[in-house]
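Order-wise, the sequence lines are chains Y and C. Note that this note's numbering has the first sequence beginning at 1, numbered continuously upward. Note that this note's numbering has the second sequence beginning at 1, numbered continuously upward.
Heads up, simulated BS3-like pairs for lysine-lysine below, C-alpha to C-alpha not over 30 Å straight-line: (1) C/Lys104 - Y/Lys260; (2) Y/Lys180 - Y/Lys141; (3) Y/Lys260 - C/Lys85.
DEER-style ranges, computed between Cβ atoms: (4) Y/Ser286 - C/Gln97: 47 to 57 Å; (5) C/Gly93 - Y/Asp77: 57 to 67 Å; (6) Y/Arg273 - C/Gly106: 26 to 36 Å; (7) C/Pro92 - Y/Asn74: 43 to 53 Å; (8) C/Gln40 - Y/Pro60: 46 to 56 Å; (9) Y/Ser104 - C/Lys85: 41 to 51 Å; (10) Y/Ser257 - C/Lys94: 30 to 40 Å; (11) C/Val43 - Y/Asn74: 52 to 62 Å; (12) Y/His235 - C/Thr52: 25 to 35 Å.
Hint data in this document are derived by calculation from the structure and do not stem from the laboratory. Note that this is a predicted model, so its numbers are computed, not measured. Glycine included, every Cβ here is placed at the ideal spot set by N, Cα and C.
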Amino acid sequence: MGNACDRRSFMRLAGLGGAVFVSGLSGWATAAGSRDNAATDFFFVQMSDSHWGFEGAPNPDAHGTLQKAVAAVNSLDQVPEFIVFTGDLTHTTDDPQERRKRLSEFKAIVSELKVKQVYFMPGEHDAGLDRGKAYQEFFGKTHYTFDHKGVHFIVLDNVSDPGASIGDEQLSWLALDLEKQAKDARIVVFTHRPLFDLYPQWDWATRDGARALELLMPHANVTVFYGHIHQENHHMTEHIAHHSAKSLIFPLPAPGSQPKRTPLAWDSAQPYRGLGFREVDATQKSADYSITEYPVQKG
Amino acid sequence: MTRLNNIHTSPQRRRFLIGAASVGIGLAASAIAIAQTSSQEQVIKVVASKFTYAPNRIMLKRGVPVALEFTTLDVPMGFNAPDFKVRTDILPGKASQVRFTPDKVGEFTFHCDLFCGSGHEDMTGVIVVT
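Next up, chain C with everything else stripped away, as it sits in the complex (with noise of 0.2 Å):
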């Protein structure tokens, strides 16, 4: 800020500096939620192909908050963890993520629930809460 005053600059360029500042002061304050969020928050990237999940046991900790991010090789396909209430689709091209924080310890069954292709039935996991 004390090398801003310390420029001579038009009105119009004040404000656009003023602005750009508060904008970068508003990321870095992003930055530091995302790290803050991220340091407690457990990432887990997930591929789906006919008819299969990779990986299909999912090791999480009980408390602890999981976004799991979902993509697929092929067709469209489907996650759903009734055990949470999560569930979204997994479109070709496009990533998409489910996030919660399990709330209790044991074994619970995944599914694709969009319809897939002969194996559409086979292609189930296990989240392990421990």
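Isolated chain Y, as found in the complex (with noise of 0.2 Å):
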């Protein structure tokens, strides 16, 4: 995707699904040197699926795993110009009030990061059972749309509903939202769920999400990056690309490559293997990303 100059050595993705290993270039000029609110190149970072309360043999290191990502983020050689956690901050509890102490100790812990700004979104287990409340109190919205640097950011909460649907609410929002945005406009979606039916036998889809693609299709540089799958996954309806993030909690099987969707695993000879977190670089000359893949502990 895009022939950008990289900082350093990174991940290339090559079309669907494959990724090259680039030899990449020291030196990032071109952000420095740029002309102020212009569309500049700039990078963030992707978080995602850190379930703050889950216990369980997939992950003994259940109480540390997130903290250690924080410090991962912290020791990147470049500050991200901001964090996105594409949801499932925490693991479901049956009990407000539990759902609200983990919403507040993940909070505390993602402060740690040294950033300016982070946005954040629910997943499933953050707001499926009480339709975002606690999570908002929080949090704030579910939905909302910024920009950064030429690129115009949309995050979308196909989560609150437990059916895994937007809903018309929001999708007509969606759409007075792209009425705005001129066809070439450099459009980047965040949500939780996959928009495309990735594997609908593991409810990894979302029910109207159909709509929401129809309603971005007509833009020219769409790329949506999503979390839920807990894995890397890298798709193309039409012209829009989809990546999916690995978790922050435990990695999930490919899809349908066994008969539950049952975490993989805890390997103690790699811990941690399977789990990480992302740097995505939006260059000037292209419209498309770069995106680098980081474990969560070296080694």
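Dock the two chains into a complex; use the hints.
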């Protein structure tokens, strides 16, 4: 994707799911020397599915993994311009008080991230049982937009409805927002669930996701980053690229690779295997995005 | 009808009786239709509860229509079998149903698609069609 220069080595996505290791260039001169408020190169970090409050064999360090990820992001060579958390910040509990306790603890841990701005959105584990009520007390709106250096970011909520619908109201809101965008505007969408039918047999879909894609389709430069499936997956719906992120609690199996979507077992020989976060480079020259995957812990 | 003819009735009462007879005939026809359907259609009751279905392995025959009847013992649940394009909400105190005719042989996953708590992801089952 793209032929932009990079600060260092990075994983370049090659079409559908392929990844090629490219030796990057040092330096990040273009960003430093850009015009004020112009569309300039920048990078952000995507973190996802920390499931704070989860306990179980798939992650014996469930109480420490999120903090390790925060430390790893803080140790990046350069500070990201913002961080986005694509849902399932906490693990479900039926107890509304415990849910708030988990959200509060999560918020305290991620407040240690050394970055100007962190954007949040809920996953079904945060919001599915109370339609996002507790989540909104801590993090505000579940769908919103923001702009950053020439890129229009749209955060969509496809989890507060327990039936995994975006809903008519939010779709109308999306349509209104997109009307204001040029057809060649650079648009990035963040969701928790995939907007396309990745593997509906495991509920890896959004019931009315096709309607959102229909609205996005007339725009030439759209990319979607999502979570939910606890692993990397790269998919194209026509010209729209969809990239799922790794989790920060346990990896899940590849779609349909086993009868049940049970978490992959913790490998004590390779602790934290399959867990991590990613850096996304947005370059001025191209509407494509370079993705660098990072493990929770090196080694 | 012979007995009806022998009864002396007012025009209003006659109309009522004729109407009632028509309804009776209609009901009888419906009953026959249901009986004919039932003779082909398999009916399976499925009970959902956190976080499982009973049964969670549903044995069907290809080409034989089935009606799956759902109830939930606790919270709202979903049933979704994407391979057969059938789904329903399962709400407390109310039975819900999906009807379809399996057109392929194999094992097909179904799952709860209404987020119902920690364990929701484990709420799956298999339709086995032979």
